[in-house]
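Participant: Full structure from sequences and hints, please.
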Amino acid sequence: MCLALPAEIVEIDPTLDKATVSLEGVKKEISLALVEDVSVGDFVLVHVGYALSKVSRSEAEKTLELMAQVGQKTPQIEEVS
Amino acid sequence: MIAEGKITIDLARQHGDPCAKVTIRSNRRSDIGKVLCGRSPQEALSLLPMIFSVCGKAHISAASGALRSLGLNEGLEDVAGQIVVLGENAREHLLRVILGWSGDRPELIAQIPVAQVMSLVAELTQEMSLNGVSDIDAVSRIASNLSDLLETHLFSCPPEQWLQLQTFADLECWARTGETIASQYIDGICQQNWQSVGAASTKFLPPLPLDELRQKMHNRDGDSFIIQPEWNGLNYETGPLSRCHSHALVASIIDEYGTGLLARNIARLVELAGIPQALAELATELTNKNVKRQEQRQDMITGIRGVETARGRLIHSLKVRNNQIADYRILAPTEWNFHPHGPAAKGLQSLSNASDEDLQQQAHMLIQAVDPCVDFAVRIV
Numbered sequence: 001m002c003l004a005l006p007a008e009i010v011e012i013d014p015t016l017d018k019a020t021v022s023l024e025g026v027k028k029e030i031s032l033a034l035v036e037d038v039s040v041g042d043f044v045l046v047h048v049g050y051a052l053s054k055v056s057r058s059e060a061e062k063t064l065e066l067m068a069q070v071g072q073k074t075p076q077i078e079e080v081s
Numbered sequence: 001m002i003a004e005g006k007i008t009i010d011l012a013r014q015h016g017d018p019c020a021k022v023t024i025r026s027n028r029r030s031d032i033g034k035v036l037c038g039r040s041p042q043e044a045l046s047l048l049p050m051i052f053s054v055c056g057k058a059h060i061s062a063a064s065g066a067l068r069s070l071g072l073n074e075g076l077e078d079v080a081g082q083i084v085v086l087g088e089n090a091r092e093h094l095l096r097v098i099l100g101w102s103g104d105r106p107e108l109i110a111q112i113p114v115a116q117v118m119s120l121v122a123e124l125t126q127e128m129s130l131n132g133v134s135d136i137d138a139v140s141r142i143a144s145n146l147s148d149l150l151e152t153h154l155f156s157c158p159p160e161q162w163l164q165l166q167t168f169a170d171l172e173c174w175a176r177t178g179e180t181i182a183s184q185y186i187d188g189i190c191q192q193n194w195q196s197v198g199a200a201s202t203k204f205l206p207p208l209p210l211d212e213l214r215q216k217m218h219n220r221d222g223d224s225f226i227i228q229p230e231w232n233g234l235n236y237e238t239g240p241l242s243r244c245h246s247h248a249l250v251a252s253i254i255d256e257y258g259t260g261l262l263a264r265n266i267a268r269l270v271e272l273a274g275i276p277q278a279l280a281e282l283a284t285e286l287t288n289k290n291v292k293r294q295e296q297r298q299d300m301i302t303g304i305r306g307v308e309t310a311r312g313r314l315i316h317s318l319k320v321r322n323n324q325i326a327d328y329r330i331l332a333p334t335e336w337n338f339h340p341h342g343p344a345a346k347g348l349q350s351l352s353n354a355s356d357e358d359l360q361q362q363a364h365m366l367i368q369a370v371d372p373c374v375d376f377a378v379r380i381v
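Going down the list, the sequences are from chains A and B. Note that the working numbering gives residue 9 to position 9 of the first sequence, counting from 1, and the numbers run on in steps of one. Note that the working numbering gives residue 297 to position 297 of the second sequence, counting from 1, and the numbers run on in steps of one.
Calculated from the structure, these hints are not laboratory results. Be aware that a few hints might be false.
Listed next, the in silico SDA-like pairs over lysine to any residue satisfying Cα-Cα at most 20 Å (straight line) [claimed, not checked]:
no. : chain 1 : residue 1 : chain 2 : residue 2
1   : A       : LYS62     : B       : SER40
2   : A       : LYS28     : B       : SER40
3   : A       : LYS54     : A       : ASP42
4   : A       : LYS18     : B       : ILE109
5   : B       : LYS319    : B       : GLY222
6   : A       : LYS54     : B       : VAL117
7   : A       : LYS62     : B       : ASP358
8   : B       : LYS319    : A       : VAL70
9   : A       : LYS54     : A       : GLU65
10  : A       : LYS27     : A       : GLU8
11  : B       : LYS346    : B       : ASP358
12  : B       : LYS34     : B       : ARG220
13  : B       : LYS6      : A       : LEU52
14  : A       : LYS18     : B       : PRO113
15  : A       : LYS27     : B       : LYS6
16  : A       : LYS62     : B       : LYS34
17  : A       : LYS54     : B       : LYS34
18  : B       : LYS216    : B       : ASP31
19  : B       : LYS34     : A       : LEU64
20  : B       : LYS6      : A       : MET67
21  : A       : LYS54     : B       : MET50
22  : A       : LYS27     : A       : GLU11
23  : A       : LYS54     : B       : LEU120
24  : A       : LYS18     : B       : LEU120
25  : A       : LYS62     : B       : GLU43
26  : A       : LYS54     : B       : GLY56
27  : A       : LYS18     : A       : GLU8
Facilitator: If you want it as structure tokens, here you go:
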């Protein structure tokens with residue numbers, strides 16, 4: 001499933017149009033090319049290295065709570081030869 | 001830790017054959033539907049937008065169609081849902097072209113009105129749901145604006161005119177003289193003579209019998225089927241190439257170069273170019289009539305619905321018992337396309353005679369042509 005997870009912006013580099021986001025304490029660099037008017041402390045939906053849209057803190061918390069209910073899935077591995 | 005989900009692909013060189021072995025690992029979530037179990041159908045529908053913000057309208061359309069078939073949901077008729085999903089498909093195709101084809105040239109992205117692209121779905125959704133009355137003129141206006149955007153930023157001519165290209169020679173001429181992200185990317189593939197990179201035999205996903213599909217998704221092996229779907233022991237692909245392979249230009253390229261990079265990327269452009277016209281035609285079918293809730297007759301019922309998203313066919317199947325979701329399964333198109341024996345794996349296996357650098361680039365381009373929305377990493381080992 002393609003999921004976009006909400007993450008909090010903790011740092012912005014305006015010259016590169018990039019931001020550092022934090023999701024459960026894990027930091028990741030993303031592009032801000034698709035969103036406007038975001039600042040540190042905002043929550044954005046992140047997918048494949050891009051911020052897709054801004055969401056409120058309460059929306060972000062609800063979404064993360066739902067995702068947490070699903071829990072972890074063990075990765076599967078299959079080889080093709 | 002909550003993860004977005006990623007596909008990791010190892011390409012192993014053996015005996016001079018650079019991709020004799022392809023290993024695909026996935027930690028994508030396939031069990032997300034379980035979070036909806038135990039909830040009422042209406043609550044499930046209200047939670048879907050929070051869970052699925054990528055192709056969200058397609059997920060909602062699939063869920064709501066499955067529930068409507070059970071008489072457990074009411075709302076605007078199917079055509080309104082189709083319009084919103086088409087708009088979403090246009091946005092997804094455009095985003096993947098803008099982000100995936102601009103390479104290391106951010107100035108190309110800067111030329112595109114990204115805000116207009118991102119607001120496309122919201123505009124259509126608003127027109128479809130405002131007091132339950134659809135504004136037919138507004139939908140036609142949005143379709144016309146989309147057509148203008150595609151003409152200016154991708155095709156250098158009206159999309160319906162671009163769709164008249166029929167042969168590789170026509171396409172080459174367009175690509176050579178164009179100055180858009182799309183023409184330059186296609187020209188780059190031709191200049192490098194990479195048209196057939198990743199070409200391999202493939203089967204296009206046909207319409208599947210829904211009763212049998214529902215059984216496969218909910219039976220004891222349902223999880224395995226959803227993670228690595230096969231049909232009668234065969235692997236299939238779903239997406240733009242599967243839907244547009246009979247278009248004259250795509251068919252001509254497949255004849256000449258197979259189902260490689262060029263055919264896959266042109267199929268995406270063909271599908272995108274056809275969306276403004278499809279939106280305008282669907283707008284004329286809007287009747288502003290709500291589909292009324294039907295009477296539910298059984299305690300335990302199952303509903304299933306497929307929707308064609310930009311990436312391919314998305315299936316939602318659910319069981320409802322006493323107005324509560326008892327089981328909810330979702331089959332995403334990526335799982336067909338990145339099956340260990342599916343089209344991505346076969347295409348990657350076919351790459352040959354390339355340096356490590358070219359191989360890495362070809363693999364990236366091929367994966368993005370098969371499914372540009374998936375998070376992935378490629379390692380040459």
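Participant: Going straight from one Cα to the other, do A:LYS62 and B:SER40 come out at no more than 20 Å?
Facilitator: Answer holds: A:LYS62 to B:SER40 is near 18 Å, not above 20 Å.
Participant: Given the hint that B:LYS34 pairs with A:LEU64, does the C-alpha gap stay at or below 20 Å?
Facilitator: OK: B:LYS34 and A:LEU64 at ~15 Å, within 20 Å.
Participant: Run the distance test for A:LYS54 versus A:ASP42: straight-line Cα separation, threshold 20 Å.
Facilitator: Holds: A:LYS54 and A:ASP42 sit about 7 Å apart, inside 20 Å.
Participant: Tell me if the straight-line CA distance from A:LYS62 to B:GLU43 falls inside 20 Å.
Facilitator: holds (14 Å)
Participant: For B:LYS216 and B:ASP31, compute the direct alpha-carbon distance and say whether it is at most 20 Å.
Facilitator: holds (15 Å)
Participant: Checking one constraint from the list: CA of A:LYS18 to CA of B:ILE109, max 20 Å. Satisfied?
Facilitator: With Cα atoms ~14 Å apart, A:LYS18 and B:ILE109 stay inside 20 Å; holds.
Participant: Is the Cα-Cα distance between B:LYS319 and A:VAL70 20 Å or less?
Facilitator: Roughly 18 Å between the alpha carbons, so the hint for B:LYS319 and A:VAL70 holds.
Participant: For the pair we were handed, A:LYS18 and A:GLU8, check the Cα-Cα distance against 20 Å.
Facilitator: With Cα atoms ~13 Å apart, A:LYS18 and A:GLU8 stay inside 20 Å; holds.
Participant: Regarding the pair B:LYS6 and A:LEU52, is the alpha-carbon distance no greater than 20 Å?
Facilitator: holds (18 Å)
Participant: Next pair to validate is A:LYS54 with B:MET50; report whether the Cα-Cα distance is within 20 Å.
Facilitator: Holds - the C-alpha atoms of B:MET50 and A:LYS54 are around 13 Å apart, at most 20 Å.
Participant: Sort out whether B:VAL117 lies within 20 Å of A:LYS54, counting only the CA atoms.
Facilitator: holds (15 Å)
Participant: With a cut-off of 20 Å on the C-alpha distance, tell me whether A:LYS62 and B:ASP358 pass.
Facilitator: violated (44 Å)
The structure fails to meet hints 2, 7, 17 and 24 from the earlier list, while all remaining hints are met.
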